[in-house]
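There are 2 protein chains.
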Amino acid sequence: MLGMFCVLCSGSGLMGFRAAPLVRSLHSFPGIIVAQIDEEVAKLLELKAQIGGDNGKHQFVLKTAKGTRDYNPKQMAVRERVFSTIIGCFKRHGAETIDTPVFELKETLTGKYGEDSKLIYDLKDQGGELLSLRYDLTVPFARYLAMNKITNIKRYHIAKVYRRDNPAMTRGRYREFYQCDFDIAGQYDAMIPDAECLKIVYEILSGLDLGDFRIKVNDRRILDGMFAVCGVPDDKFRTICSTVDKLDKMPWEDVRKEMVNEKGLSEEAADQIGDYVSLQGGMDLAERLLQDQKMSRSKQACAGLSDIKLLFTYLQLFQVTDKVVFDLSLARGLDYYTGIIYEAVLTQAGVAPVSTEAQNGAPAEESVSVGSVAGGGRYDGLVGMFDPKGRKVPCVGVSIGIERIFSIMEQKAEASAEKVRTTEVQVMVASAQKNLLEERLQLVTELWNAGIKAEVMYKKNPKLLSQLQHCEESGIPLVAILGEQELKDGVVKLRVVASREEVDVSRAALIEEIRRRTSEA
Amino acid sequence: MLGMFCVLCSGSGLMGFRAAPLVRSLHSFPGIIVAQIDEEVAKLLELKAQIGGDNGKHQFVLKTAKGTRDYNPKQMAVRERVFSTIIGCFKRHGAETIDTPVFELKETLTGKYGEDSKLIYDLKDQGGELLSLRYDLTVPFARYLAMNKITNIKRYHIAKVYRRDNPAMTRGRYREFYQCDFDIAGQYDAMIPDAECLKIVYEILSGLDLGDFRIKVNDRRILDGMFAVCGVPDDKFRTICSTVDKLDKMPWEDVRKEMVNEKGLSEEAADQIGDYVSLQGGMDLAERLLQDQKMSRSKQACAGLSDIKLLFTYLQLFQVTDKVVFDLSLARGLDYYTGIIYEAVLTQAGVAPVSTEAQNGAPAEESVSVGSVAGGGRYDGLVGMFDPKGRKVPCVGVSIGIERIFSIMEQKAEASAEKVRTTEVQVMVASAQKNLLEERLQLVTELWNAGIKAEVMYKKNPKLLSQLQHCEESGIPLVAILGEQELKDGVVKLRVVASREEVDVSRAALIEEIRRRTSEA
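Line by line, the protein sequences are chains A and B.
According to this note's numbering, the first sequence is numbered sequentially starting from 1008.
According to this note's numbering, the second sequence is numbered sequentially starting from 1008.
Please note: incorrect hints may appear among the correct ones.
Identical copies go unnamed one by one, so any copy, or any two together, can satisfy a pair.
[What the hints assert, rightly or not] Cut-off 25 Å, straight-line C-alpha distance, at most; resulting in silico cross-link-like pairs (DSS-like, lysine-lysine):
{"#": "1", "residue 1": "K1167", "residue 2": "K1113"}
{"#": "2", "residue 1": "K1399", "residue 2": "K1070"}
{"#": "3", "residue 1": "K1070", "residue 2": "K1167"}
{"#": "4", "residue 1": "K1316", "residue 2": "K1441"}
{"#": "5", "residue 1": "K1467", "residue 2": "K1495"}
{"#": "6", "residue 1": "K1070", "residue 2": "K1131"}
{"#": "7", "residue 1": "K1467", "residue 2": "K1441"}
Don't read these hints as lab results, they were simulated from the structure.
Using the sequences and the hints given, assemble the complete structure.
Okay, structure coming up:
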């Protein structure tokens, strides 16, 4: 009943694989056929492994996977400082934290990212479930809420996500990168949680001291209403929206050209859009547009505009309006947004690794504008996609673009004279003479047991110079020096590395003295 | 030249795949054949996708991948407490930290885990490099050292690793789980860094208050020497070693049976091994064995025994000998150990989730004994496997079995009356009357800007009762209540949730008062 087809044929080499005409007939018993295919694939792969697999093709290279990087201790120190500012802010706002596995069932991610789904990393089918690495933290969060029937939570989640994107690592774009997400789920009064998300962006960007910034806000309903009143056909909303999203990287002329030439929009509609997307302002602009003859014809747009007004009221109370702009050109790529959207950009010149971001062609849909360091919005439908009964849980959230912030902070650390310490050691236990290993180990044990951060060199007879050098290099502020005389006198010579000042401190007072001298550090 | 073989054949269904006899002849032109196989595999998979792939087989299930779990906020709070103790200890000992990507080139992991390699998760070949999820943190660490030509470092690394093992989740065994590794790399005087690793295990297990524990130590050289003098053939060392490794889960009779019946060891050799592996002690045992007629014939064993003696000298100075036992039955599975090995076990009864661990058959090679919560050893050859010139970097390290510790701590938290807080909120800004949203937002802004952890309900007119209930539930100690009268008087009513005591505090003094009242928390 099936046509016979050969995979590897003697003599003639590889025969064409006549799959297409077969597919229709195969549909009648997919279960059996799929099982057969799986079995054959497994056999072929086993054969491949037996004959040496891909080994013949390349040599072993000592490297990390493309688009990924190790963090060395200095980078980790910077990373920890950034995380501590961000987590401090999330905690100040009362957020809990959760964690989810690095991979999800493939189906969990299916249909959530539109075209970008091609960037998802799949795990090899090794038997069992089909799995994919998480692409963001939002979809796992929605899955978590639906699975545990949670209807309200304020949580942050800091973890790595994975995208098979074109890496541009010098500019902070990786295939493995951190996301720092803060989200508020629950049925609340309009715009209060949304405003808190913007307050959080404001606090974090101020706290990290990254220079001046702006937070652009818009609303999906305003965009959709605008498209409707400008005469964009319903089925072109999404594609025109993603063209508008390019306005931060292209001039209007090019965006217009793409709308008209590639997306087939009429010139009149494009020009009307052009008039709107050039508008920026605050609460006043929202009021003006509510009076706008054309815009006010869209109920959706009016709902969005009223919410923008309400949002600004709350932002005033939160004292953050100096940085927030209502910007009709802000679109954001992801499909799941349903209301307010926002994006924070650094406006200061001289932030080199970020300001060249736009050049390298084909940015991912969600990859954000020049200097963009945070973004988010309201997504009231996503949790419902996972609930068997489609029950919705309204959500709003923000994601901090931490990799770019790392890049900037690392650059700053490089540029500054201040040395980044990678350990917190307070004191080095050293000796000037030979054969004092036991005495050094005894003293360092005393210090450790008292909670002092201390080190000792792993040598029987280290040179005093190399012990002091280690302190200089790693920024250890104090050295506790033992010698025959000190042992006899029951003291330790405490040396301040920076000033080279030395004092004898009695053994009994040593711990307090170290604490006192390092308490401000 | 190749036999013709059909993958799917008409009528007759699936024909046997005669791969084995082909492999030898295929070796002559592996490049072409591999390319052909790849192409055929791709076609078959495409066919599978066209006929609906695996979709027909199952319905969408709302779950995490097998062997993985989400951490809810309570579990995260426990996890953070455990991490903070562990990281505190690592930092006290002057360790830096690094991070590596979650996946490595497949080749980086190849040949490092012996039989356990089958448990490695591979990523799907989506074009580009072949990748695998990390199996532990040790191999990526060795790769990192070789790649960056680092010859000495003391670092910790806390991250998730992945094994396609049989999960036993109630007992803390997962497919995605944390490892907490501390390693010292560098050429140092014998046993000093090794002793510090044991000191660290001691400090962490004491600090976490998990009940009594023992740290067993042994040395690979002693094991190998013992096998040699007992008459184990050279080529059986590894396999006999892995049988000895089962002594913590099986009685000696069963281990002996496996050695003799399955591994083909002579009964005499087995009995001689049996005499040695029953020995436990301290420095005295090492001294006794150095005098042992048979054991002292092995140079390797003598080197190991001398180092055990030296180790105990240092452990005495570190004040940890009360928990350390020299145990000749300790073997540990991993191939890469070259010297000292150790393992910590909880000895207290009633640690239910751990003490039943052994029952569920087929533990992975590295999966450790009943109640084992830490393990490690010296591996002087691993970094050299990555260095193009084979340059060795001696390493010793320890891995804390954090998932079991989480399980125990979660159980303890459940059992105790004390509630686990999942946020750190100090004060809730509430109102007793309607229409005070603006005033609440203004006050919470003041508090946030002063660094106070504060919350406000996202409702225009929440009920006072529901605001107070939220405080009770999430352990918020204070409520700042606003009302018309308070606003008029320029005060805030500060309520202590636990005692229900209420005092009026002037607006100007509020921040200091909140700080004062929550400073001990």
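Okay, the hints, checked on the actual structure:
In this assembly of identical chains, the alpha carbons of K1167 and K1113 lie at most 25 Å apart whether taken from the same copy (17 Å) or from different copies (20 Å). Taking the shortest Cα distances, K1399 and K1070 sit within 25 Å of each other only across copies (18 Å), while inside one copy they are farther apart (45 Å). For the identical chains of this complex, K1070 and K1167 are neighbours both inside a copy (20 Å) and across copies (20 Å), given an alpha-carbon limit of 25 Å. In this assembly of identical chains, K1316 and K1441 lie within 25 Å of each other by CA distance solely across copies; the values are 22 Å between and 76 Å within a copy.
Proximity of K1467 and K1495 under a CA criterion of 25 Å is satisfied intra-copy only: 21 Å inside one chain copy versus 73 Å between copies. When the C-alpha separation of K1070 and K1131 is checked against a cutoff of 25 Å, the pair qualifies both within a copy, at 22 Å, and between copies, at 19 Å. For a Cα distance limit of 25 Å, the shortest separation of K1467 from K1441 inside one copy, 8 Å, qualifies, whereas the shortest one across copies, 74 Å, does not.
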